[in-house]
Amino acid sequence: MSQAEHRVRLLNDWGVIQPGSRILELGCGQGDCTEVLAEAVGPSGTVDAVDPASLDYGAPFTLGQAQGQLSSGPLGDRITWHQASPEPFLHEASKNGRTWDVVVLVHCIWYFKSPEILGSILQALKNRTSTICIAEYALHATHPAASTHVLAALARAGLETHKLESDENIQTILSPAQIKDACASAGWKIEHESILTPEPALRDGFWETSTVASGDFLVEIDSHVKDERAKTYLRAARDAVLSSVATTGNIKDTRTMDVWTAVLNPLATE
Numbered sequence: 004m005s006q007a008e009h010r011v012r013l014l015n016d017w018g019v020i021q022p023g024s025r026i027l028e029l030g031c032g033q034g035d036c037t038e039v040l041a042e043a044v045g046p047s048g049t050v051d052a053v054d055p056a057s058l059d060y061g062a063p064f065t066l067g068q069a070q071g072q073l074s075s076g077p078l079g080d081r082i083t084w085h086q087a088s089p090e091p092f093l094h095e096a097s098k099n100g101r102t103w104d105v106v107v108l109v110h111c112i113w114y115f116k117s118p119e120i121l122g123s124i125l126q127a128l129k130n131r132t133s134t135i136c137i138a139e140y141a142l143h144a145t146h147p148a149a150s151t152h153v154l155a156a157l158a159r160a161g162l163e164t165h166k167l168e169s170d171e172n173i174q175t176i177l178s179p180a181q182i183k184d185a186c187a188s189a190g191w192k193i194e195h196e197s198i199l200t201p202e203p204a205l206r207d208g209f210w211e212t213s214t215v216a217s218g219d220f221l222v223e224i225d226s227h228v229k230d231e232r233a234k235t236y237l238r239a240a241r242d243a244v245l246s247s248v249a250t251t252g253n254i255k256d257t258r259t260m261d262v263w264t265a266v267l268n269p270l271a272t273e
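For the sequence shown, my numbering gives the first residue as 4, with consecutive numbering after it.
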């Protein structure tokens with residue numbers, strides 16, 4: 004239940020999801036947040052859940068299995084799944100004049116293949132909604148044991164810059180400050196923002212750290228990185244993760260880093 008409980012905290016922090024709302028969720032994945040959103044909007048609300056990933060992606064359940072289970076449950080008639088990338092989906096939505104009360108991006112921004120994608124999405128959402136809700140990792144650790152997750156995320160992001168194709172959780176890392184800059188450039192203002200410290204049961208930090216601590220990370224460096232200076236940096240970044248794990252005591256004690264949340268509204272135009 005930790006994933007669902009985390010998303011309930013996000014909705015409570017935003018405070019803008021109301022019964023009857025029409026919600027667009029970008030980067031829905033297996034539907035962890037979709038389920039919480041569908042419950043929140045009630046029987047008169049709707050959730051359009053968008054994700055480009057293959058339906059056979061994911062473990063222990065694939066996207067197709069997880070989404071199918073939600074569709075066959077009591078919330079299924081509130082959810083419409085769209086296997087599509089956000090930008091083409093929003094282009095079609097613009098042509099059809101579709102709008103939503105709230106658009107949600109939860110832990111999906113780091114999946115984007117380039118930093119420009121976020122700006123493009125934010126631009127495309129103008130006139131499609133009046134409210135955007137964002138939640139992404141903050142690159143900040145209130146709990147000392149979450150510092151390892153921060154280091155692991157930066158190491159993974161450094162490696163991903165050398166890959167042409169990837170399905171890793173982190174492909175383009177953006178800090179809250181960078182996300183806010185993208186929002187302002189696209190004509191959105193921050194109405195509310197906060198930092199949440201995840202509960203110990205949220206294991207994302209442990210999972211991410213495990214992939215960097217694994218010997219497979221070194222194999223990936225040799226496979227994808229040509230520049231020797233970059234290789235040296237990435238190996239040192241991994242060593243920093245291992246050192247942090249040693250300080251914590253056990254990799255299983257790694258906590259998940261803080262989460263930055265924000266509610267956006269359009270900037271006033273003259």
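Since the hints were derived computationally from the structure, they do not count as laboratory data.
Some hints could be false.
Said to hold, decoys possible - Now the in silico label distances, taken between C-beta atoms and shown as ranges: (1) Lys116 with Ser217: 38 to 48 Å; (2) Ser5 with Tyr60: 34 to 44 Å; (3) Pro77 with Gly18: 23 to 33 Å; (4) Asp219 with Gly190: 34 to 44 Å; (5) Asn130 with Ala239: 18 to 28 Å; (6) Ser123 with Leu167: 12 to 22 Å; (7) Asp170 with Arg101: 41 to 51 Å; (8) Gln72 with Val11: 17 to 27 Å; (9) Ala239 with Ser188: 26 to 36 Å; (10) Gly45 with Ala249: 17 to 27 Å.
Said to hold, decoys possible - Here are the computed lysine to aspartate or glutamate pairs in the EDC-like style, where the Cα-Cα straight-line distance is at most 16 Å: (11) Lys116 with Glu163; (12) Lys129 with Asp104; (13) Lys183 with Glu119; (14) Lys129 with Glu95; (15) Lys229 with Glu163; (16) Lys166 with Glu95; (17) Lys234 with Asp219; (18) Lys116 with Glu171; (19) Lys116 with Glu168; (20) Lys183 with Glu171; (21) Lys234 with Asp170; (22) Lys255 with Glu171; (23) Lys116 with Glu196; (24) Lys129 with Glu90; (25) Lys166 with Asp219; (26) Lys166 with Asp80; (27) Lys116 with Glu90; (28) Lys183 with Glu202.
Ideal placement from N, C-alpha and C gives every residue a C-beta, glycine not left out.
Q. Which of the listed hints are not met by the structure?
A. 1, 2, 5, 7, 10, 16, 20, 21, 22, 23, 26 and 28
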